[in-house]
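> What follows is the residue order along each chain.
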Amino acid sequence: MLLFKILLRNAFHNKLRSFLTILGIAVAILAFGLLRTVISSFYAGVEAASASRLVTRNAISIIFPLPISYAEKIRQVEGVKMVSWGNWFGGIYINEKNFFPNFCVDPLTYFALYPEFILDETQKKEFLIDRKGAVAGRKLAAKYGWKIGDSIVLKGTIFPGQWDFVLRGIYRGRDRTVDETQFFFNWSYLNEAVKRLAPGFANQVGFYMVGVTHPDLAADTAVRIDRLFKNSLAETLTETEKAFNLGFIAMSQAIVTAIQMVSFVIILIIMAVVANTMAMTTRERTGDYAIMKTLGFGAKDISILIFGEALVLTMTGCLIGMVLTFPAARLFAAQLSTYFPVFLVSNSTLCLDVAAAFLMAFLAAVIPTYDALRIRIADGLRRIG
Amino acid sequence: MAGTKKTIVEIKHLNKSYRRESLVVPVLHDITFDIEEGEFLALMGPSGSGKTTLLNLIAGIDKADSGTIRIGDVDITNLSETELAAWRANSVGFIFQFYNLIPVLKAVENVELPLHLTMLSKKQRIKHAEMALSMVGLGHRMDHYPGEMSGGEQQRVAIARAIVTDPTLLVADEPTGDLDRASAEDILSMMERLNREMGKTIIMVTHDPRAASRAHILRHLDKGYLNDVAFQNPA
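These protein sequence lines are chains C and D, in that order.
Residues in the first sequence are numbered from 1 upward in steps of one, following this note's numbering.
Residues in the second sequence are numbered from 1 upward in steps of one, following this note's numbering.
Keep in mind that a hint or two might mislead.
[As the list claims (entries may be wrong)] Below, a list of computed lysine-lysine pairs in the DSS-like style, where the Cα atoms sit at most 27 Å apart:
#: 1; chain 1: C; residue 1: Lys147; chain 2: C; residue 2: Lys97
#: 2; chain 1: C; residue 1: Lys300; chain 2: D; residue 2: Lys122
#: 3; chain 1: D; residue 1: Lys123; chain 2: C; residue 2: Lys5
#: 4; chain 1: C; residue 1: Lys300; chain 2: D; residue 2: Lys12
#: 5; chain 1: C; residue 1: Lys300; chain 2: C; residue 2: Lys81
#: 6; chain 1: C; residue 1: Lys73; chain 2: C; residue 2: Lys300
#: 7; chain 1: C; residue 1: Lys195; chain 2: C; residue 2: Lys125
#: 8; chain 1: C; residue 1: Lys147; chain 2: C; residue 2: Lys124
#: 9; chain 1: C; residue 1: Lys15; chain 2: C; residue 2: Lys97
#: 10; chain 1: C; residue 1: Lys242; chain 2: C; residue 2: Lys81
#: 11; chain 1: C; residue 1: Lys143; chain 2: C; residue 2: Lys97
#: 12; chain 1: C; residue 1: Lys132; chain 2: C; residue 2: Lys155
#: 13; chain 1: C; residue 1: Lys15; chain 2: D; residue 2: Lys106
#: 14; chain 1: C; residue 1: Lys155; chain 2: C; residue 2: Lys5
#: 15; chain 1: C; residue 1: Lys195; chain 2: C; residue 2: Lys155
#: 16; chain 1: C; residue 1: Lys300; chain 2: D; residue 2: Lys106
#: 17; chain 1: D; residue 1: Lys127; chain 2: C; residue 2: Lys5
#: 18; chain 1: D; residue 1: Lys122; chain 2: C; residue 2: Lys5
#: 19; chain 1: D; residue 1: Lys127; chain 2: D; residue 2: Lys106
#: 20; chain 1: C; residue 1: Lys73; chain 2: C; residue 2: Lys195
#: 21; chain 1: C; residue 1: Lys143; chain 2: C; residue 2: Lys155
#: 22; chain 1: C; residue 1: Lys300; chain 2: D; residue 2: Lys63
#: 23; chain 1: C; residue 1: Lys230; chain 2: C; residue 2: Lys242
#: 24; chain 1: D; residue 1: Lys63; chain 2: D; residue 2: Lys12
#: 25; chain 1: C; residue 1: Lys5; chain 2: C; residue 2: Lys15
#: 26; chain 1: C; residue 1: Lys195; chain 2: C; residue 2: Lys132
#: 27; chain 1: D; residue 1: Lys106; chain 2: C; residue 2: Lys5
[Stated by the list, open to error] Anything over 12 Å on all C-beta distances counts as not near chain C; from chain D, calculated:
#: 28; residue: Phe33
#: 29; residue: Glu36
#: 30; residue: Gly38
#: 31; residue: Ser66
#: 32; residue: Asn90
#: 33; residue: Lys127
#: 34; residue: Ser150
#: 35; residue: Glu153
#: 36; residue: Ser213
#: 37; residue: Lys223
#: 38; residue: Asp228
Hint data in this document are derived by calculation from the structure and do not stem from the laboratory.
In this text the structure is predicted, and so the values were computed from the model without any measurement.
All C-beta atoms, glycine included, are put in the ideal place defined by N, C-alpha and C.
Whole structure, please, built from the sequences with the hints as guidance.
Shown next, in the form of structure tokens:
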């Protein structure tokens, strides 16, 4: 216990140096935590994906559509429980700064396939009967101050023109990992307009969402669907929702990798700072360690003192950094909810914070400990005075 | 009386040199002498004569090149580092010129420190430490940190730490070198009392002839050679 008392008091003996070191560690852990959360938010869609949902798209590319007639054929494939469909609409609200994901979907099946989007039954009925009806996520509605019954106009980019909607429902997520910034409207509304304006592009969908009877059947079902449309004009590629979402992340893999590297570089830099602090403190305490060795304390005791002191500093900084990460992440999420709809500090990020603090302490203390153990008692005592 | 005393330190043909890169600097040459139990020996000599090195070898904090040092029944030249550390913890009390207290520990905690290597309970450790501090007249300064005490008081805490484990041998390296005259006298009187009343064997390195005059035996070292006994006060 006395060793613990010594290392604790040693850690805070030079108050300014300890404060600055802990501050540096806290800021580094905060930055590390936020960057790891950015990476996690990239994968939020993957994490939230259901194992019993498949996505069927055009085999050439997601930008090529599929005929609506495929819906009935897919529904009859063995293992398929439900089929829904939709299109990426890409509309702009007022101006381009107000980006949010907006899709036209089949309202009857889409919300049945996505139980994680919780919509009030009355609102759902209103949405189903109003061809111009739309449903927005809770965060999105709050951001623009929309209320049920409000009229919303989106400017089409893929489908030109002004598109009028009436907000009929506001969904909320089943849990915090569900994206509440999306906007859905009726696919039929879009299709009828396309029939009028460009009949050649009517009756087409961007993707099918397919619910399977059991997650174990997902792979076989995907093969059966794709086999069904082999050698057709629009061959399909069916994959699990998770794989589909991962495909999108792969497009931004370079950015994710860069963020990952920066997060580790931050830890490396602060590790060097902590190592410097530990080298200074150990050098100052050479005499103390020499006297302890003189009194009969061994290498294990001296190692505990140095590693313990490093651990106290890094863990204190780590705890402060971890605590600060939560309000910082909330602030971050509020400012960038459009780009990072799910921005949550995960348990794995917190575990990585703690692991980084342990690693920092260990690596920062290795050389000072080696030096302290190697020095002869007589030489250590000579440094006092 | 002298004939009945037991030899506690037996040094034979001790040699020690330091290596500075390729250069070998001899420090001690063929040192042979005995110290009897309950003796108070002063070692004097000019700087670089090897007196601190000799003290370190006797105290087991440095290793000789050749020769033997027997303390009681133990030949410490044959002990490993770990065995030597355990032996030091049980058998030697150290008093240094600059006190060498741990600055982040209170007086009582500094004195308690060596007892952590014993089997004593926490309660017993504190009791022993408080007793040792009371013996050196610092019963009222137990909760003070070294930085809050004068040099003389810090040296008294160091003496309390040196005697708290009841060691066979007390080694003191310039114990009054950093003190004013009054404090130095006080510390020397305390050491004399430890020798006389508790029968502690003391080996003291000093530059100060006044300090050396308190010892029973004075030996001079010069360029690594031990001279004959300079004087012998009655114990």
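> State for each hint whether it applies.
Structure-based check of all given hints:
{"no.": "1", "hint": "C:Lys147 / C:Lys97", "verdict": "holds, 21 Å"}
{"no.": "2", "hint": "C:Lys300 / D:Lys122", "verdict": "holds, 21 Å"}
{"no.": "3", "hint": "D:Lys123 / C:Lys5", "verdict": "holds, 17 Å"}
{"no.": "4", "hint": "C:Lys300 / D:Lys12", "verdict": "violated, 33 Å"}
{"no.": "5", "hint": "C:Lys300 / C:Lys81", "verdict": "violated, 64 Å"}
{"no.": "6", "hint": "C:Lys73 / C:Lys300", "verdict": "violated, 72 Å"}
{"no.": "7", "hint": "C:Lys195 / C:Lys125", "verdict": "holds, 26 Å"}
{"no.": "8", "hint": "C:Lys147 / C:Lys124", "verdict": "holds, 15 Å"}
{"no.": "9", "hint": "C:Lys15 / C:Lys97", "verdict": "violated, 47 Å"}
{"no.": "10", "hint": "C:Lys242 / C:Lys81", "verdict": "holds, 18 Å"}
{"no.": "11", "hint": "C:Lys143 / C:Lys97", "verdict": "holds, 13 Å"}
{"no.": "12", "hint": "C:Lys132 / C:Lys155", "verdict": "holds, 15 Å"}
{"no.": "13", "hint": "C:Lys15 / D:Lys106", "verdict": "holds, 18 Å"}
{"no.": "14", "hint": "C:Lys155 / C:Lys5", "verdict": "violated, 67 Å"}
{"no.": "15", "hint": "C:Lys195 / C:Lys155", "verdict": "holds, 18 Å"}
{"no.": "16", "hint": "C:Lys300 / D:Lys106", "verdict": "holds, 23 Å"}
{"no.": "17", "hint": "D:Lys127 / C:Lys5", "verdict": "holds, 19 Å"}
{"no.": "18", "hint": "D:Lys122 / C:Lys5", "verdict": "holds, 14 Å"}
{"no.": "19", "hint": "D:Lys127 / D:Lys106", "verdict": "holds, 15 Å"}
{"no.": "20", "hint": "C:Lys73 / C:Lys195", "verdict": "holds, 23 Å"}
{"no.": "21", "hint": "C:Lys143 / C:Lys155", "verdict": "holds, 18 Å"}
{"no.": "22", "hint": "C:Lys300 / D:Lys63", "verdict": "holds, 21 Å"}
{"no.": "23", "hint": "C:Lys230 / C:Lys242", "verdict": "holds, 23 Å"}
{"no.": "24", "hint": "D:Lys63 / D:Lys12", "verdict": "holds, 14 Å"}
{"no.": "25", "hint": "C:Lys5 / C:Lys15", "verdict": "holds, 16 Å"}
{"no.": "26", "hint": "C:Lys195 / C:Lys132", "verdict": "holds, 16 Å"}
{"no.": "27", "hint": "D:Lys106 / C:Lys5", "verdict": "holds, 11 Å"}
{"no.": "28", "hint": "Phe33", "verdict": "holds, 21 Å"}
{"no.": "29", "hint": "Glu36", "verdict": "holds, 25 Å"}
{"no.": "30", "hint": "Gly38", "verdict": "holds, 24 Å"}
{"no.": "31", "hint": "Ser66", "verdict": "holds, 18 Å"}
{"no.": "32", "hint": "Asn90", "verdict": "violated, 8 Å"}
{"no.": "33", "hint": "Lys127", "verdict": "holds, 15 Å"}
{"no.": "34", "hint": "Ser150", "verdict": "holds, 17 Å"}
{"no.": "35", "hint": "Glu153", "verdict": "holds, 18 Å"}
{"no.": "36", "hint": "Ser213", "verdict": "holds, 25 Å"}
{"no.": "37", "hint": "Lys223", "verdict": "holds, 19 Å"}
{"no.": "38", "hint": "Asp228", "verdict": "holds, 27 Å"}
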